[in-house]
Amino acid sequence: MALAIIDKCVNCHACQMVCPTGSIRKGKNDLHFMINQDTCTECEGSYDNPQCSSICPVECAIVDGDGEPMNPYGSLTGLPIEKAVLV
Amino acid sequence: MSLDLKVLGNTAENHAPQGGCSAGSCGSTDDQLSHLPESVRQRVFNHPCYSEQAHHHFARMHVAVAPACNIQCNYCNRKYDCANESRPGVVSELLTPKQAVKKTMAVAANIPQMTVLGIAGPGDPLANPNRTFTTFRKLSEQAPDIKLCVSTNGLALPDYADELTKHNIDHVTITMNCIDPEIGAKIYPWIYWENKRIRGAEGARILIERQQRGLEMLVERDILVKVNSVMIPGVNDMHLAEVSRIVKQKGAFLHNVMPLIAEAEHGTYFGLMGQRGPTPPELQALQDECSGDMNMMRHCRQCRADAVGLLGEDRGAEFTMDKIEEMEIDYPAAMERRKKLHDAIHAELNANGNQHTNLTSDGGIPEGTRPILMAVASQGGGLVNQHFGHAKEFLIYEASPSGVRFISHRKTDLYCTGGDTCGDGDSILREIIQALEGCEVVLCSKIGYEPWELLEEAGIQPNGEHAMVKIEEAVWSVYSEMHKAGKLAEKKVRLQASA
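So the protein lines, in turn, are chains A and B. Sequential numbering of the first sequence, starting at 1, is according to the numbering used here. Sequential numbering of the second sequence, starting at 1, is according to the numbering used here.
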């Protein structure tokens, strides 16, 4: 049970600061932040909602175990989907 | 003929340097600091962002150490990173605190006019407290001659009011776009608060409450607070006069109403949804409306979060990290050079201040005569001294029976690129004319035939007769001539039609 960050990430550091398990890092050769799949708990037992996807400003940058976006297009900006995909 | 003109807004005693101006938009005509208590003026007169005259002499820089944000604004796109863009929130290179300290000291050593270091993003500085305060702490220790300031959305501000008093910080800017949560919901789609993403009016309500609490806490701690507001037509434009009143009441010393920047290509919510920014006359009308309640700031250049240099210029490209890594900096020696230069600038400002006698009205123009706006092309020195085609921005002055005052600057794209033919700039010329909406005269040192004709067609009278004359004198002289010619009795129909 773990979330993952994909290449839509803009490296803003916000998720790293709020992760309760210290599972988010950016390695030297990483193009974006990564979630340690072994230590991520999806914040279960700590918070009602996963913290990284509660602060992430970029739609579709964080996905769940099935690869589904935690914040789908339009959910953060309020833009209609055809415009949200352009951002 | 000697010109006597009344200078507006210079009623306070002039202990801090007054007048004096090495470039264009001279503060002597409308120094927005002159209404401030002397103690406040002493603290801000050499801050380029707060003092209209200081911005000609002193430089500022921003270091981009704070990437994370705790709210979303509809005028911001967190992905944006472009070296050719000049607007807040945009940044090319994120720095660690250690890199930021080195960059700041490198710039301070090479641009000794640099007096102020700001942290303004690209996220919210207080949403990145470790990175922000590590930078501030190190700079307070290693470069004590640099003033520090910070710009925040205010959500985390009450938590850090005490920490802010510990460093060399005496100015904080809070961006407050509203005091009504329903309006806030149209500007802020969400905030991150107490481990939850909170949307809509509820999020805006918390944000507004925290901003106001933070403002009060800073004022209690004797930290100067400026409030920035973004003017968004149809959203908060009718509301900002009230914001101005409230923030002044709570102790902010300056209110800066800035125009929304919202091009579709920026990929912001407002940009993509076709929300327009205000026209220059709309912005000016609101600034005038707010100025009854508040000291307004009119020379803000809306700098990038990694800007370096004098306002309106960006020398960031000279100080990229790879270049800085190679620089050897002897800061103690730099500090001595800096002190000498700062003393010299202060002396010059004081000298100019003394020369700057309070000009009195010649009484030649009856009260009630309509005021007019003039655009001035100037490359510095407070003079009309720039070719129309070389102007990257125009300084807008208002002439009225009570005198001449600086209103704002308006940016344009340079249309004359210096080649043999400037004729292909036709569409750019039309954009310039649009940017000069509301102005009836353009003062410049020279101007070509083609722009002359286009300006005349647009109802803007070009005037190249006052080259190398002081701006205020030139503006007053033209205003007097227009009065004598009976032109001020006519209503300007074109302006009213387009307003």
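I should point out that these hints are in silico values taken from the structure, not numbers from a laboratory. Where is the CB? At the ideal position from N, CA and C, for every residue including glycine. Among the clues, some could well be false.
[What the hints assert, rightly or not] Taking lysine-lysine and the DSBU-like style, the derived pairs with C-alpha atoms no more than 35 Å apart in a straight line are: (1) Lys166(B) / Lys340(B); (2) Lys138(B) / Lys8(A); (3) Lys79(B) / Lys166(B); (4) Lys83(A) / Lys196(B); (5) Lys28(A) / Lys250(B); (6) Lys79(B) / Lys83(A); (7) Lys196(B) / Lys138(B); (8) Lys8(A) / Lys323(B); (9) Lys8(A) / Lys26(A); (10) Lys392(B) / Lys411(B); (11) Lys250(B) / Lys411(B); (12) Lys323(B) / Lys83(A); (13) Lys79(B) / Lys26(A); (14) Lys8(A) / Lys98(B); (15) Lys26(A) / Lys98(B); (16) Lys323(B) / Lys26(A); (17) Lys446(B) / Lys487(B); (18) Lys26(A) / Lys446(B); (19) Lys487(B) / Lys28(A); (20) Lys83(A) / Lys392(B); (21) Lys26(A) / Lys138(B); (22) Lys248(B) / Lys487(B); (23) Lys340(B) / Lys411(B); (24) Lys248(B) / Lys166(B); (25) Lys411(B) / Lys28(A); (26) Lys138(B) / Lys28(A); (27) Lys28(A) / Lys339(B); (28) Lys79(B) / Lys28(A); (29) Lys446(B) / Lys8(A); (30) Lys8(A) / Lys339(B); (31) Lys411(B) / Lys339(B); (32) Lys248(B) / Lys446(B); (33) Lys26(A) / Lys196(B); (34) Lys196(B) / Lys8(A); (35) Lys166(B) / Lys138(B).
[Claimed, not checked] Label-pair distances were calculated between CB atoms; the ranges are: (36) Tyr47(A) / Asp159(B): 46 to 54 Å; (37) Tyr47(A) / Pro281(B): 26 to 34 Å; (38) Ile329(B) / Asn49(A): 43 to 51 Å; (39) Gly65(A) / Arg337(B): 58 to 66 Å; (40) Glu68(A) / Lys196(B): 16 to 24 Å.
Verification of the supplied hints:
Straight-line distance between C-alpha atoms of Lys166(B) and Lys340(B) comes to about 27 Å, which keeps the hinted pair within the 35 Å bound. Of the pairs offered as hints, the one joining Lys138(B) and Lys8(A) holds, with about 34 Å between alpha carbons and a cut-off of 35 Å not exceeded. With a CA separation close to 33 Å, the supplied pair Lys79(B) and Lys166(B) stays within the 35 Å bound. Between the alpha carbons of Lys83(A) and Lys196(B) the distance comes to roughly 26 Å, so the proposed pair stays at or under 35 Å and holds.
Proximity of Lys28(A) to Lys250(B) is assessed by CA-CA distance (about 47 Å); at most 35 Å being required, the pair is judged violated. Under the criterion of a C-alpha separation no larger than 35 Å, the hint pairing Lys79(B) with Lys83(A) is consistent with the structure, at around 15 Å. Only pairs whose Cα atoms come within 35 Å are accepted, and Lys196(B) paired with Lys138(B) is accepted, the gap being roughly 33 Å. Under the criterion of a C-alpha separation no larger than 35 Å, the hint pairing Lys8(A) with Lys323(B) is consistent with the structure, at around 30 Å.
Simply put, Lys8(A) and Lys26(A) have alpha-carbon atoms about 14 Å apart, close enough for the 35 Å limit, and the pair holds. Using a Cα cut-off of 35 Å, the hinted pair Lys392(B) and Lys411(B) holds, with the two alpha carbons roughly 6 Å apart. For a cut-off of 35 Å, the pair hint linking Lys250(B) to Lys411(B) stands: about 33 Å separates their Cα positions. With a CA separation close to 39 Å, the supplied pair Lys323(B) and Lys83(A) exceeds the 35 Å bound.
With a C-alpha separation of about 18 Å, the suggested pairing of Lys79(B) with Lys26(A) holds against the 35 Å cut-off. For the hint pairing Lys8(A) with Lys98(B), the CA-to-CA distance comes to about 27 Å; that is within 35 Å, so the pair holds. Between Lys26(A) and Lys98(B) the alpha-carbon distance is near 18 Å, which keeps this suggested pair within the 35 Å criterion. A distance of roughly 25 Å separates the Cα atoms of Lys323(B) and Lys26(A); the hinted pair therefore holds under the 35 Å criterion.
With a C-alpha separation of about 23 Å, the suggested pairing of Lys446(B) with Lys487(B) holds against the 35 Å cut-off. With a CA separation close to 56 Å, the supplied pair Lys26(A) and Lys446(B) exceeds the 35 Å bound. Pair hint Lys487(B) plus Lys28(A) does not hold up; C-alpha atoms about 68 Å apart against a cutoff of 35 Å. The straight-line distance between the Cα atoms of Lys83(A) and Lys392(B) is roughly 33 Å, inside the 35 Å bound, and the hint therefore holds.
Taking the CA atoms of Lys26(A) and Lys138(B), the gap is near 25 Å; set against the 35 Å cutoff, the hint holds. Taking the CA atoms of Lys248(B) and Lys487(B), the gap is about 39 Å. The hint is violated against a cut of 35 Å. Between Lys340(B) and Lys411(B) the alpha-carbon distance is near 34 Å, which keeps this suggested pair within the 35 Å criterion. For the hint pairing Lys248(B) with Lys166(B), the CA-to-CA distance comes to about 25 Å; that is within 35 Å, so the pair holds.
Between Lys411(B) and Lys28(A) the alpha-carbon distance is near 41 Å, which puts this suggested pair outside the 35 Å criterion. Of the supplied pair hints, the one linking Lys138(B) and Lys28(A) holds, its CA atoms being roughly 25 Å apart against a limit of 35 Å. For the proposed pair Lys28(A) and Lys339(B), the alpha carbon gap of about 41 Å is over 35 Å, so the pair is violated. Of the supplied pair hints, the one linking Lys79(B) and Lys28(A) holds, its CA atoms being roughly 21 Å apart against a limit of 35 Å.
For a cut-off of 35 Å, the pair hint linking Lys446(B) to Lys8(A) is broken: about 51 Å separates their Cα positions. Restraint check: the Cα-Cα separation between Lys8(A) and Lys339(B) comes to about 47 Å, which exceeds 35 Å; the hinted pair is violated. Taking the CA atoms of Lys411(B) and Lys339(B), the gap is near 33 Å; set against the 35 Å cutoff, the hint holds. With a C-alpha separation of about 43 Å, the suggested pairing of Lys248(B) with Lys446(B) is violated against the 35 Å cut-off.
Annotation: proposed proximity of Lys26(A) to Lys196(B) holds, straight-line Cα distance about 24 Å (limit 35 Å). For the hint linking Lys196(B) to Lys8(A), the alpha-carbon distance of about 22 Å falls within 35 Å, and the restraint holds. A C-alpha spacing of about 12 Å is found between Lys166(B) and Lys138(B), which places the hinted pair at or below 35 Å, so the restraint holds. For the pair Tyr47(A) and Asp159(B), the supplied restraint of 46 to 54 Å is violated, since their beta-carbon distance comes to about 19 Å.
Tyr47(A) and Pro281(B) have their C-beta atoms about 49 Å apart, which leaves the hinted 26 to 34 Å range violated. Distance hint for Ile329(B) and Asn49(A): a CB-CB separation of about 46 Å, consistent with the stated range 43 to 51 Å. Checked against the hint of 58 to 66 Å, the pair Gly65(A) and Arg337(B) passes, with Cβ atoms roughly 59 Å apart. With their beta carbons about 21 Å apart, Glu68(A) and Lys196(B) fall inside the hinted range of 16 to 24 Å.
In summary, the structure is inconsistent with hints 5, 12, 18, 19, 22, 25, 27, 29, 30, 32, 36 and 37 from the numbered list given earlier, while agreeing with the others.
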